[in-house]
Amino acid sequence: MSTARRLLTFLAPLRGWVALAALLGFATVGSSVGLMATSAYIISKAALHPSIAALQVAIVGVRFFGITRGLFRYAERLVTHQTTFRLLAQFRVFFFAAIEPLAPARLRQFRSGDLLSRIIADVSALEDFFVRGVAPPLVAILVAGLTWVLMASFALPLAAATLGFLALAGIGIPLLTRRLSRRSGRAAVETRAALNVSLVDAVQGVADILIHGRKSAQQGHIRQLSRTLVAQQNRLAWVNGLNAALTGLLSNWTTLAILLIAIPMVSAGDLDGVFLAVLVLAAIAAFEAVLPLPEAAAHLAGSLAAAERLFEIVDVAPQIQDPAEPLPPPQSARLDVRNVRFSYSPTAPPALDGISFSVAEGARVAIVGASGAGKSTLVNLLLRFWDYRHGEILLDGRDLRRYRADDVRAFMAVVSQQTHLFNATIAENLRLSRPAATDDELISAARQAEIHTFIQSLPQGYDTVIGEQGLQLSGGERQRLAIARALLKDAPLLILDEATANLDPLVERDIMATLRAISAGRTTITITHRLVDMAAMDEILVLDAGKIAARGTHAELMARGGIYRQLWTQQRQIDLLETGSPAILP
Amino acid sequence: MLNPRLIRKTRLASVSLTLTIAASFLTGAVTVAQAHFLSRIIASVFLAHQTLATVTPLLLWLAALSILRAGAVWSGQIFAQRTAGRVKAALRDRLVAHVMALGPQFTRTERSGELINTAVEGIEALDAYFSQYVPQVAAAALIPLTIVIFVFPNDVLSGLVLLLTAPIIPVFMILIGSIAEEMTQKQWRSLSRMSAHFLDVLQGLTTLKLLGRSRAQVKTIADISDRFRDATMAVLRVAFLSALVLEMAATLSTAVVAVEIGVRLLYAKIAFQQALFVLILAPEFYQPLRMLGARFHAGMAGTAAAKRIFAILDTPLPKPPPTPPKPAPRRFTIALENVRVAFDDGTRPALNGVSFTIADGETVALVGRSGAGKSTIAHLLLRFIAPQSGIITVDGAPLHQLDMAAWRAKIGWVPQMPYLFDATIVENIKLANPAASSADVRRAARLAHAEAFIEALPRGYDTRIGERGARLSGGQAQRIALARAFLKDAPFIIFDEATANLDPRHEAEIHAAMAALLANRTALMIAHRLNTITAADKIVVLDGGTVRESGSHAELLAQSGLYHQLFRAFQGAI
Chain A
0 MSTARRLLTF LAPLRGWVAL AALLGFATVG SSVGLMATSA YIISKAALHP SIAALQVAIV
60 GVRFFGITRG LFRYAERLVT HQTTFRLLAQ FRVFFFAAIE PLAPARLRQF RSGDLLSRII
120 ADVSALEDFF VRGVAPPLVA ILVAGLTWVL MASFALPLAA ATLGFLALAG IGIPLLTRRL
180 SRRSGRAAVE TRAALNVSLV DAVQGVADIL IHGRKSAQQG HIRQLSRTLV AQQNRLAWVN
240 GLNAALTGLL SNWTTLAILL IAIPMVSAGD LDGVFLAVLV LAAIAAFEAV LPLPEAAAHL
300 AGSLAAAERL FEIVDVAPQI QDPAEPLPPP QSARLDVRNV RFSYSPTAPP ALDGISFSVA
360 EGARVAIVGA SGAGKSTLVN LLLRFWDYRH GEILLDGRDL RRYRADDVRA FMAVVSQQTH
420 LFNATIAENL RLSRPAATDD ELISAARQAE IHTFIQSLPQ GYDTVIGEQG LQLSGGERQR
480 LAIARALLKD APLLILDEAT ANLDPLVERD IMATLRAISA GRTTITITHR LVDMAAMDEI
540 LVLDAGKIAA RGTHAELMAR GGIYRQLWTQ QRQIDLLETG SPAILP
Chain B
0 MLNPRLIRKT RLASVSLTLT IAASFLTGAV TVAQAHFLSR IIASVFLAHQ TLATVTPLLL
60 WLAALSILRA GAVWSGQIFA QRTAGRVKAA LRDRLVAHVM ALGPQFTRTE RSGELINTAV
120 EGIEALDAYF SQYVPQVAAA ALIPLTIVIF VFPNDVLSGL VLLLTAPIIP VFMILIGSIA
180 EEMTQKQWRS LSRMSAHFLD VLQGLTTLKL LGRSRAQVKT IADISDRFRD ATMAVLRVAF
240 LSALVLEMAA TLSTAVVAVE IGVRLLYAKI AFQQALFVLI LAPEFYQPLR MLGARFHAGM
300 AGTAAAKRIF AILDTPLPKP PPTPPKPAPR RFTIALENVR VAFDDGTRPA LNGVSFTIAD
360 GETVALVGRS GAGKSTIAHL LLRFIAPQSG IITVDGAPLH QLDMAAWRAK IGWVPQMPYL
420 FDATIVENIK LANPAASSAD VRRAARLAHA EAFIEALPRG YDTRIGERGA RLSGGQAQRI
480 ALARAFLKDA PFIIFDEATA NLDPRHEAEI HAAMAALLAN RTALMIAHRL NTITAADKIV
540 VLDGGTVRES GSHAELLAQS GLYHQLFRAF QGAI
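In order, the protein sequences belong to chains A and B.
So in numbering that gives the first Met the number 0, spot 390 of the first sequence is number 389, and the numbers just go up one at a time.
So in numbering that gives the first Met the number 0, spot 127 of the second sequence is number 126, and the numbers just go up one at a time.
No lab work stands behind these hints, which were simulated from the structure alone.
As the structure is a prediction and not an experimental result, all values here were calculated from the model.
Wrong hints could be hidden among the right ones.
[What the hints assert, rightly or not] Here are the computed lysine to any residue pairs in the SDA-like style, where the Cα-Cα straight-line distance is at most 20 Å:
1) B/Lys-537 with B/Arg-520
2) A/Lys-44 with B/His-48
3) B/Lys-409 with B/Asn-337
4) B/Lys-268 with A/Arg-226
5) B/Lys-218 with A/Ala-88
6) B/Lys-409 with B/Pro-490
7) B/Lys-325 with A/Gln-572
8) A/Lys-44 with B/Asp-225
9) B/Lys-268 with A/Ile-119
10) B/Lys-537 with B/Tyr-266
11) B/Lys-268 with A/Gly-212
12) A/Lys-546 with B/Pro-3
13) B/Lys-218 with A/Ala-96
14) B/Lys-8 with A/Ala-96
15) B/Lys-218 with A/Leu-101
16) B/Lys-218 with A/Arg-226
17) B/Lys-537 with A/Gln-572
18) A/Lys-44 with B/Asn-337
19) B/Lys-218 with A/Leu-47
20) B/Lys-218 with A/Gly-212
21) B/Lys-218 with A/Arg-85
22) B/Lys-218 with A/Gln-572
23) B/Lys-409 with A/Gly-212
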């Protein structure tokens, strides 16, 4: 199905609103036509000096159209916006429902940069789709119909001429404009993108530019791009100006055509001279309907491009699928990973290259390594975000792939570095993991995460709104809320995925103490590149380039030396100097 | 709405702006002439019973005028765009020059997005301002004026109606506009809140999925969309009133003119042709004013953008040295004497009287907890900032009197997170010396221990990095900065050791490269590793913006101060 048709299907449930919007737009232009036609009629008729009674009806008409135009315009704007908001709501729901099964695998490639906000911008770009893209052509068609009826009631050639000029202005000019502006339009978009990149370089890289004496070179580069853009925009102005000029010209030529056809008819007595002015002024007024069409073509193209990008994102098969006959949910938290091999794409190097280990129920296991060693890949597989093809992961003795993905995730509580806190109240954020939790359960989880006192100190306590538009929390407070949320879930397997990354070393130490307390007696997998509190682990696996390079307890690994000891030494030095406090050491 | 400072910028394009206004005036004049001929033709045929043949000269006039009008409209738009282009290009140049002169302290990361946005979107918002809004203001002033001048001799009463109703439109537009603008702002805020919520849910999708709550969000999204729609529509119902008044004023006035001339025509108080002339011109009279309403938003957006642009341009630049700058020194004995720096107008002190010396050829390690002032010292030496008091001398000459470019040419800088440009690896390394040969670039990369990972990239040295290319790890990026420093071959090095994205294997490589770079050079190290620190000729321990202690490793250990404490703590832990 083409993008345009697919986008139009979102309008199908809004048929009533669409029709109403088009009718009101038609009535708006129709009022203008009516106003000018009746006005012309009044003065033409008055010129023949009849009694005032002959003008009464027309005078009422003029007053009526004089008032209705504004009212119709007002109603039309309300209805088109109402329609747009409904359309956007539908599209958001569609898009979310479509991307939900694809997350996070599909979103992974969008996390970098601001591609996620590009999605948002593309959805917003659909705002123009109806108001500026679909409605104007509908209105133009209706007005053309009205004009035809009006003109044809006098003479067919008049109707044909007017409609011909309307079509030329409404269809021919948009096509011509698009054709003429396509190349320079595309070039301008490219120049603008290049200019954007150069400006980003100039602002974010200003220190490197200054130190290397490249200031005037960079400025010169930007100036040149800026001049190119101006030149391209000037060329576009030629086309846009031509478009406005031609539309006006066609409107004027419609007048000429009507005069050329009607004057002989008046002379021959086939047309009452009273209507000569009526026809001319009505045709001029009708032209209003085709004025927004060149712009509508551009808006439609923009909306379609945005929609195409969005459809492209969701039109892929999900990474994992639930089995046809899933096993009942697992009971025990025993985990066995056997010879698992995985890469994100057939061409990419393996992210995991033959990993085997076991986690007994109640055990605490740490998986450590530098960034890129394969730690987060392992988490992605455990959480059923990606499918593995080689080796097996057994939960409660049976392959992970044979359970429903939701059951697997319900079995695990995760505190990760990217735990997202929503722009909602603290209570709402906590209850996400268990909607039915009582206030007491909420408080108990917060107490264990050692964040209850802080929450209580807030003026609105648990009802404080957090996130971008609410209270800004420190990194440590955010992680404690994430811990409380995980505790509230009360799942048998606790996964701490870089739970203390990017925290101040002293804050990290405090949170690790909390985590040690809550993980007592719980099956816990700690994934981290920061070697903190390692003495509390039953076993530590050192990942390096997708393989397990070493395993053992902290004491054993330190004694053995190698990559583990190097990592630990490096970190201690930095932590010590960053905090200036010997207290950081174990 | 016509920002005077912004309008003054059109002096850069006074010719094209004058031509834009002239085209506008011509359009008005042609409109009047067209109405004149059209009314004459209709009157001749309708009342004087003339034929097509007798009115043909008039029709030819009408045809000629239509072409003239199209020409005026066309050239008007072309000149308007020229005005916009000139002003935009000039302002963008000034903005870029100013921002770069303000330097890294001003463009620090939290502000960079806003700066870039102003330089791209802000400047482009001026396009619509100058190419649409300003010409429309001119048209709204000139075209109705021209029309009314010609209507008066034809019919005084209609002229009065037009003249009296015309001011109603701008007055109401400003009156309602200011209320509506506030409401429109509110509407945009609520619209952007709706987008923000959607973004929030998309960003948190993984979290929702982990908690098994993702599918429940479909209903929430629908509910919130509905709620926001209702709130927004309530706002729009008021905001759109301005358009309602605008349309009403225009159409009702036309209706009033039509009825008023119609009735007087009935009693032969006005001629038909004059009446028709006035009627044709009535909607043309209001058209530019209505269009001005449609361009209102471009005006608002342009004014808002101008405010942001001028705010940046008004940030004062650091003072240039008063006397002719001195050439760069030959020896790099650098002394800081009682240097004080405070940020945010003195409210955030960073250095409180720091004094120490880096002797020529020496490596000095700066040590201290985060926030102790280490980077501030580096920025002082790079001259991104200047001390509020105290003095820095190089080979006895005050640093601020040295020629800025010549001084910076003497510095090799390896920051923790160097900026990599959206260009190839070669171009990124060549930043340090654009004239370098490719053999030089390879040699620098080899010395920086960067060759192996560069050659493993899909297109080797020609691999594009940055937004549109491959992404490098922190350790790799720092080795590119090292390669730049080798290529620059400057006598004084400022090196900031990385603290994040550690990988023991890269660590060893960076250390080897660093040692090679420091040989026979003067250096300031912001150190985070004990082996770096112990290898330095001198260690300066910073604490709370002052020098807590300084000396060689052995001297400091003998002093039993903070350094001693930290070093022993570390040794004890291993």
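key: List of violated hint numbers, smallest to largest   = Of the numbered hints given earlier, those the structure breaks are 3, 4, 7, 8, 9, 10, 11, 12, 14, 16, 18, 19, 20, 22, listed in rising order.
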